[in-house]
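Peer 1: One-letter residues, chain by chain:
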Amino acid sequence: MKSLEELRALKSKIRSEMELKEGGVDTRVVVGMATCGIAAGARPVMNAIVEGVANRGIKNVQVTMTGCMGLCRLEPIVEVIDKDGNIVTYVEMNAEKAAKVVEEHLAGGRIVSEYTIGAVAQ
Amino acid sequence: MQIENNKEQNVLVVDARKTDFFKKQVRIALRNCGKINPENIDEYIAEDGYEALGRVITTMTPEEVIDVMLKSGLRGRGGAGFPTGRKWDFARKSVSDKKYVCCNADEGDPGAFMDRSVLEGDPHVVLEAMAIAGYAIGSDQGYIYVRAEYPIAVKRLEIAIKQAKEYGLLGKNILGTNFSFDIELRLGAGAFVCGEETALMTSIEGHRGEPRPRPPFPAVKGLFKQPTILNNVETYANVPRIILNGAEWFANIGAERSKGTKVFAVGGKIKNTGLVEIPMGTTLREVIEEIGGGIPNGKKFKAAQTGGPSGGCIPASLIDTPIEYDTLIEIGSMMGSGGLIVMDEDTCMVDLAKFFLSFTVEESCGKCPPCRIGTKRMYDILEKITSGRGELSDIDDLYALASAIKNSALCGLGQTAPNPVLSTLRYFKDEYIAHVVDKKCPAGVCKNLLQYKIIADKCRGCSACARKCPVNCISGEIKKPFVIDQSKCIKCGTCMETCKFGAIVKE
Ligand SMILES: Cc1cc2nc3c(=O)[nH]c(=O)nc-3n(C[C@H](O)[C@H](O)[C@H](O)COP(=O)(O)O)c2cc1C
Ligand code: SF4
Ligand code: SF4
Ligand code: SF4
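Line by line, the protein sequences give chains A and B.
Remember, this note's numbering sits 1484 above the position in the first sequence when you count from 1.
Remember, this note's numbering sits 284 above the position in the second sequence when you count from 1.
Hint data in this document are derived by calculation from the structure and do not stem from the laboratory.
Where hints are given, some of them may not hold.
What the hints assert, rightly or not - Below are the SDA-like pairs computed for lysine to any residue, each with C-alpha atoms no more than 20 Å apart in a straight line:
| hint | chain 1 | residue 1 | chain 2 | residue 2 |
| --- | --- | --- | --- | --- |
| 1 | B | 302 | A | 1565 |
| 2 | B | 723 | B | 774 |
| 3 | B | 509 | B | 528 |
| 4 | A | 1495 | B | 449 |
| 5 | A | 1486 | B | 466 |
| 6 | A | 1486 | B | 424 |
| 7 | A | 1486 | B | 690 |
| 8 | B | 449 | A | 1604 |
| 9 | B | 302 | A | 1512 |
| 10 | A | 1497 | B | 459 |
| 11 | B | 690 | B | 365 |
| 12 | A | 1495 | B | 528 |
| 13 | B | 302 | A | 1576 |
| 14 | B | 555 | A | 1524 |
| 15 | A | 1543 | A | 1565 |
| 16 | B | 439 | A | 1522 |
| 17 | B | 713 | B | 774 |
| 18 | B | 319 | A | 1486 |
| 19 | B | 302 | A | 1486 |
| 20 | B | 509 | B | 555 |
To be verified - Selected chain B positions facing chain A (Cβ under 8 Å, derived; list incomplete):
| hint | residue |
| --- | --- |
| 21 | 298 |
| 22 | 301 |
| 23 | 303 |
| 24 | 318 |
| 25 | 319 |
| 26 | 405 |
| 27 | 438 |
| 28 | 451 |
| 29 | 455 |
| 30 | 501 |
| 31 | 504 |
| 32 | 557 |
This one's a predicted model, so the numbers in the text were calculated from it and none came from an experiment.
In this text, a Cβ means the ideal position worked out from N, Cα and C, and glycines have one as well.
Please work from the sequences and hints to get the whole structure.
Peer 2: Listed below in structure tokens is the structure:
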């Protein structure tokens, strides 16, 4: 990039791409992959989600990762963010629970309330 | 965790951000952590990433940048709390054609992991801030000194540097200006003393990481004998937002003499262990009770340690102290880099002081005698006290050694090493006296000072404890009170756990 204008143009492009949800993607699944998350078992959780989404041919979901949000004791944490920005935080996940979230929430559109932060951490 | 549950409608809170844990937090340094993908520069740019650097190098003079930093009131988050703008100003005014910008990512305080989280969750913010600092002081080269024990942080930094270079946000003629800036990583081997600024620079130069006397200060003569600034990861993580939102915005957050926020790694006897970012001036009570969810198992809060092995404790009586640089110093603790260890009534304060001293004894580089010999002497005295051989004169000796070490050690490691002893003596002297005079450990921690006893009235003579005792030192006749042979007991506590009738006590 050769100028600040170019940087700003890129920012607008990235932002509108995120909004337009290229290829019909309207849901983001974000797995906490900092040291705390990985130590608690985030990798198998990530794999289970990626596999589940691929196997079921779910097309509207993008799976990605992020750092630590501070709730280290509740890792692995998976967040599902819908097109309006509503967030569901799943905590103390494992591969099995992740598979269930794929099936119920991502494919079926039903929140798995028993794995959410409100249900687990009370 | 307490969840904000709407009882009437019985709505389950499913978004972590709406829980009590987040309510009192203000996220500046951690704003992108847990939100963006740290391995994708586009997600950082979408959050206004590199906009601050762009503005700085295209519309501001270096003096103006430093002026914003000065007016913001930002102070170093690595421990000492030195005003960041002033540090940059000194380096700016040092005349030299080569200057360096360093980032301290050594994070040696046991129990602290704030910097690791920033590096793993938002590495670009550190790169952007270092480039801004480079422009402000007139430097074209940065180094990040990061501990090799942080492999994920190292990997994400490497990816971030590569992406920033590909985009032309690091390297030659950034965004078409005359400003060029590069960043390299240097891996530390994890010696605590290498976090000290002069030792860190010596280590980057490829020598054994030992401190050297100051002056000359790094701003005048630092890395490779050139003017150098060193800032902590979290300090840098505040910089781009200060540029974007203005000095006044930042100065309005926090307290009178401590601006902005501080990130703490909260651990120990607290329900919600983890990472929190609070406005300066938040009280310890708010952190422990509201954000932290209180002490588990119905135990009572006894004290909190900030500043790790260089810091001190804050007793329960001072739980309403606002967390600021100066208020913490006044009560004999310090902000430190952000470790906050919560202790309940089961913690022995003499044992705690001994723990931190064993750390400094281990980590002392050995260059100067007050620290090398003095801290070991203090440790030996604490060992003597906790094993029941203490005398009253030992407490006087602790004070004398502490002040001698503080006044004569070469670097901050030695100068602050006595702090955990001094602060526990200040607030918990009665516990020291109990160990020395009554030969008792009130918290029931120091093994040599406690006994397991069977209360004859309560003992049903079931023999369960005797069968479990690993050294067979409990004897008796069935249905009559059993007794423990104190000369053989190794104080493992098994018998107390075994007895179903509560007949065994520890005192
Ligand atoms: C023994 C010792 C260890 C230190 N360890 C660290 C550390 O791990 N990280 C850090 O940022 N500062 C550490 N410091 C403080 C640094 O010397 C220096 O003050 C700091 O990095 C400056 O950055 P700041 O002004 O942004 O806080 C340590 C100091 C001493 C004496
Ligand atoms: S005070 Fe301790 S760590 Fe610092 S130089 Fe002296 S011996 Fe080394
Ligand atoms: S504390 Fe351990 S060693 Fe001592 S009497 Fe009980 S079981 Fe035996
Ligand atoms: S287990 Fe309890 S009741 Fe049974 S013999 Fe031991 S002290 Fe007595």
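Peer 1: Each hint needs a verdict: does it hold in this structure or not?
Peer 2: For each hint, the structure was consulted:
no.	hint	verdict
1	302(B) with 1565(A)	holds (14 Å)
2	723(B) with 774(B)	holds (17 Å)
3	509(B) with 528(B)	violated (33 Å)
4	1495(A) with 449(B)	holds (17 Å)
5	1486(A) with 466(B)	holds (16 Å)
6	1486(A) with 424(B)	holds (18 Å)
7	1486(A) with 690(B)	violated (53 Å)
8	449(B) with 1604(A)	violated (43 Å)
9	302(B) with 1512(A)	holds (19 Å)
10	1497(A) with 459(B)	holds (18 Å)
11	690(B) with 365(B)	holds (19 Å)
12	1495(A) with 528(B)	holds (15 Å)
13	302(B) with 1576(A)	holds (18 Å)
14	555(B) with 1524(A)	holds (18 Å)
15	1543(A) with 1565(A)	holds (15 Å)
16	439(B) with 1522(A)	holds (14 Å)
17	713(B) with 774(B)	violated (28 Å)
18	319(B) with 1486(A)	violated (28 Å)
19	302(B) with 1486(A)	violated (41 Å)
20	509(B) with 555(B)	violated (48 Å)
21	298	holds (4 Å)
22	301	holds (7 Å)
23	303	holds (6 Å)
24	318	holds (3 Å)
25	319	holds (6 Å)
26	405	holds (2 Å)
27	438	violated (11 Å)
28	451	holds (6 Å)
29	455	violated (11 Å)
30	501	violated (34 Å)
31	504	violated (33 Å)
32	557	holds (5 Å)
Comparing the model with each numbered hint stated earlier shows that hints 3, 7, 8, 17, 18, 19, 20, 27, 29, 30 and 31 do not hold.
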